[in-house]
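There are 2 protein chains.
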Amino acid sequence: MPVGTQGSVKAIEHRELLAEDARIILGNTYHLYLRPGTEIIQKAGGLHRFIGWNGHLLTDSGGYQVFSLSDLRGISEEGVQFRSHLDGSLHQFTPERVIDFQRTYGSDIMMVLDECPPYPCDEEYAAKSNALTVRWARRSKEQEAKTERLYEHEQALFGIVQGSVYPAIREESARMLSALEFAGYAIGGLSVGEPADLMYRMIELTTEILPTEKPRYLMGVGTPENILEAVERGVDMFDCVLPTRNARNAVIFTSQGRLNMRNAKHATDFSPMDPACHCYACRSFTRAYVRHLFKAGEILALQLATMHNISYYLTLMRSAREAILSGTFPAWKQSVLGTIAVDESAE
Amino acid sequence: MPVGTQGSVKAIEHRELLAEDARIILGNTYHLYLRPGTEIIQKAGGLHRFIGWNGHLLTDSGGYQVFSLSDLRGISEEGVQFRSHLDGSLHQFTPERVIDFQRTYGSDIMMVLDECPPYPCDEEYAAKSNALTVRWARRSKEQEAKTERLYEHEQALFGIVQGSVYPAIREESARMLSALEFAGYAIGGLSVGEPADLMYRMIELTTEILPTEKPRYLMGVGTPENILEAVERGVDMFDCVLPTRNARNAVIFTSQGRLNMRNAKHATDFSPMDPACHCYACRSFTRAYVRHLFKAGEILALQLATMHNISYYLTLMRSAREAILSGTFPAWKQSVLGTIAVDESAE
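Residue numbers (our numbering), protein chains in the order written: chain R, 1 to 347; chain A, 1 to 347.
So that you can see chain R by itself, here it is in the shape it has in the complex (with noise of 0.2 Å):
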């Protein structure tokens, strides 16, 4: 799923999202309730409306945004508050309230609101977080079933699986959301800066729990390796600001490895970003050209950039689906991960 946090995804059009074929975006609670707040997106008749968005629609619950970018009041049974990181105004989340938002934005998959706790953090701080979060996954689908959809189509609500890097507590989690029957489940509170294989190995022991009829989301990850790793474990959605934020900085993924595209060599190279790839930019752009568009500071390079990069993004996952259904996922990953291991974006 392309990031669109403020309901758009960073320099792209939706026209442009949908010939690449991403049928769902993401948007965040956090941010869309303090801007442009919930009364806009109501009066526009839900978020779908209002940013024009005619794909479906993912929102988180806020919860990570209220860890990680807000001023933190406190957190309490009933949830949290935090302060605006616009305008410093108090605010307050709970779990209920932040269904209630969704239901207003008319979201297609609805998240619970979590507790992501950082890492490191001790096993008895994780415990208790985590059965917080649990309590709030059961009043969550408690407020699901007390309101009603405000538009024609179904809504879903996904449990989100915490537990920080413990195995207990990871199990712990799968098994208790497990047991309140969401519509799907995510994997929270990974890629926080653990080393991967201990992300892998979060990942395994909770996809191994939670029921395999229902989809599994990592949520925030990742690069393209993480995300092949994720998928042999059994994860099959993800979300992650990498695509578009690397191609804000110039770094593009290719079939050739990862490139950055303001290195003097691509000055004159008068090839494609990926030859390998259909997308409009490398359909028409050479990478000489792209080179003197990020080097002159034009908004075009974060276009073409990023036009790419969700492209790659979203043929990496295309091309996963058709692996696994042709039985071919292990040496299909192997191959891309040769790919891969080129990385000269750091150069």
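Simulated from the structure, these hints should not be mistaken for lab results.
Misleading hints may appear alongside valid ones.
Here are a few chain R residues that sit away from chain A, every Cβ distance over 10 Å (derived from the structure) [said to hold, decoys possible]:
id, residue
1, Asp21
2, Arg97
3, Ala145
4, Glu181
5, Ala196
6, Leu198
7, Thr207
8, Glu232
9, Phe238
10, Phe285
Restricting the straight-line Cα-Cα distance to at most 27 Å, the calculated cross-link-like pairs of lysine-lysine (DSS-like) are [said to hold, decoys possible]:
id, chain 1, residue 1, chain 2, residue 2
11, R, Lys265, A, Lys43
12, R, Lys295, A, Lys43
13, R, Lys43, A, Lys214
14, A, Lys128, A, Lys141
15, R, Lys141, R, Lys214
16, A, Lys141, A, Lys43
17, R, Lys43, R, Lys146
18, A, Lys214, A, Lys333
19, A, Lys214, A, Lys141
20, R, Lys141, R, Lys128
21, R, Lys295, R, Lys265
22, A, Lys265, R, Lys43
One side only, chain R facing chain A, incomplete, derived with CB under 10 Å [to be verified]:
id, residue
23, Lys10
24, Ile40
25, Arg248
26, Ala267
27, Glu298
All values reported here derive from a predicted model rather than from experimental measurement.
Glycine included, C-beta positions come from ideal geometry on N, C-alpha and C.
Dock chain A against the given chain R, drawing on the hints supplied.
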């Protein structure tokens, strides 16, 4: 002509320009000479190829930027010496070199090097400056004759009428240049701070003299009002950064006047930016959404506003052509001036 200073019309894709029926865009010789440099453009096979643009290209002579942007070191009979605004490096432009650059670019329309005097400037300086501009124009014509095009397509060379706001000098300039038989004629040195009435008078007396069968191009102008007045006085071509620069500052041109998309009044306005416009931005998105994008600092705001303003300007020009052909220009112009008069952009 939308302005693509550094080889990109800011914040809009080439295919979107073509979709709005932009058949020619402008590139700036000064900028392109400094970055990426003539050598890279030559290696790419010309400017069309370097930037991947299949429409026509006009390049200016670089004169205007040398006088307005660089650290000017001196004007001599030979040419101009200046230091780059990018790195302070020392460069010289002569009429001959500027033709050579544009041969390398392969510009469909090349412009002669001219001196663009500031406003105000005294009559003596204006006369001396114009005499130099005319001598440079003659040398440009000779250099054009001495050199060959490097690519398949024809290259036209335009002269530039100067003379500040002095009727006699303007007329002298127009007469001398007409005698040199350029493929087209630009009117330069206007819209540099003089009152609009004075500009219109200068245009009028210049177009009276210039041959009617050749295109007349008013450089760097302007607002929709300016353009309509100049069209009425016989001008055929324009370039201006106004539609694109204004767009990036949230100011849009519409059939309902000039709007500032940051204004609070648009917060819950779910109508299109311009109900009369058929561009993708107006077909797909509301003022409320575009305002949100501007307030949130989203790049998509710049993309949508730019696309719309380009569409507005090109529709304006198309409508002017149709009105002229159907003999209804004066009435049509009055009706457009009525809508243009509304300006809430400074509110």
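Now the hints, each set against the structure:
No Cβ of chain A approaches the Cβ of Asp21 (chain R) within 10 Å, the least distance being about 19 Å, so the stated non-interface status holds. With 10 Å as the threshold on Cβ separation, the claim that Arg97 (chain R) sits away from chain A holds: the shortest Cβ distance comes to roughly 21 Å. Non-interface status of Ala145 (chain R) relative to chain A is upheld: no Cβ of that chain comes within 10 Å, the nearest being about 32 Å off. No Cβ of chain A comes within 10 Å of the Cβ of Glu181 (chain R); the nearest lies about 36 Å off, and the non-interface call holds.
With 10 Å as the threshold on Cβ separation, the claim that Ala196 (chain R) sits away from chain A holds: the shortest Cβ distance comes to roughly 31 Å. At roughly 35 Å from the closest C-beta of chain A, the C-beta of Leu198 (chain R) stays outside 10 Å, upholding its exclusion from the interface. Listed as outside the interface, Thr207 (chain R) is consistent with that label: its C-beta sits roughly 35 Å from the nearest C-beta of chain A, beyond the 10 Å cut-off. At roughly 35 Å, the least C-beta separation between Glu232 (chain R) and chain A is larger than 10 Å, which holds for a residue marked as non-interface.
No Cβ of chain A comes within 10 Å of the Cβ of Phe238 (chain R); the nearest lies about 23 Å off, and the non-interface call holds. At roughly 5 Å from the closest C-beta of chain A, the C-beta of Phe285 (chain R) falls inside 10 Å, breaking its exclusion from the interface. Under the criterion of a C-alpha separation no larger than 27 Å, the hint pairing Lys265 (chain R) with Lys43 (chain A) is consistent with the structure, at around 14 Å. Between Lys295 (chain R) and Lys43 (chain A) the CA atoms are separated by roughly 18 Å; this keeps the pair inside 27 Å, and the hint holds.
Between Lys43 (chain R) and Lys214 (chain A), the direct Cα distance comes to roughly 55 Å. Violation of the 27 Å bound is thereby established for this hinted pair. Between Lys128 (chain A) and Lys141 (chain A), the direct Cα distance comes to roughly 20 Å. Compliance with the 27 Å bound is thereby established for this hinted pair. Our distance criterion of 27 Å between C-alpha atoms is met by Lys141 (chain R) and Lys214 (chain R), whose separation comes to about 16 Å. Simply put, Lys141 (chain A) and Lys43 (chain A) have alpha-carbon atoms about 26 Å apart, close enough for the 27 Å limit, and the pair holds.
Using a Cα cut-off of 27 Å, the hinted pair Lys43 (chain R) and Lys146 (chain R) holds, with the two alpha carbons roughly 22 Å apart. Simply put, Lys214 (chain A) and Lys333 (chain A) have alpha-carbon atoms about 23 Å apart, close enough for the 27 Å limit, and the pair holds. Among the hinted pairs, Lys214 (chain A) with Lys141 (chain A) is consistent with the structure: their alpha-carbon atoms are about 16 Å apart, no more than 27 Å. Annotation: proposed proximity of Lys141 (chain R) to Lys128 (chain R) holds, straight-line Cα distance about 20 Å (limit 27 Å).
A C-alpha spacing of about 13 Å is found between Lys295 (chain R) and Lys265 (chain R), which places the hinted pair at or below 27 Å, so the restraint holds. A C-alpha spacing of about 14 Å is found between Lys265 (chain A) and Lys43 (chain R), which places the hinted pair at or below 27 Å, so the restraint holds. The interface hint given for Lys10 (chain R) holds, since its Cβ lies 6 Å from the closest Cβ of chain A, which is under the 10 Å cut-off. Evaluation of the Ile40 (chain R) hint against chain A yields a held restraint, the C-beta minimum of about 6 Å falling below 10 Å.
Because the closest C-beta pair between Arg248 (chain R) and chain A is about 8 Å apart, less than 10 Å, the hint holds. At about 6 Å, the closest approach between the beta carbon of Ala267 (chain R) and any beta carbon in chain A falls short of 10 Å, and the interface hint on this residue holds. Taken as an interface hint, Glu298 (chain R) checks out: its beta carbon lies about 5 Å from the nearest beta carbon of chain A, inside 10 Å.
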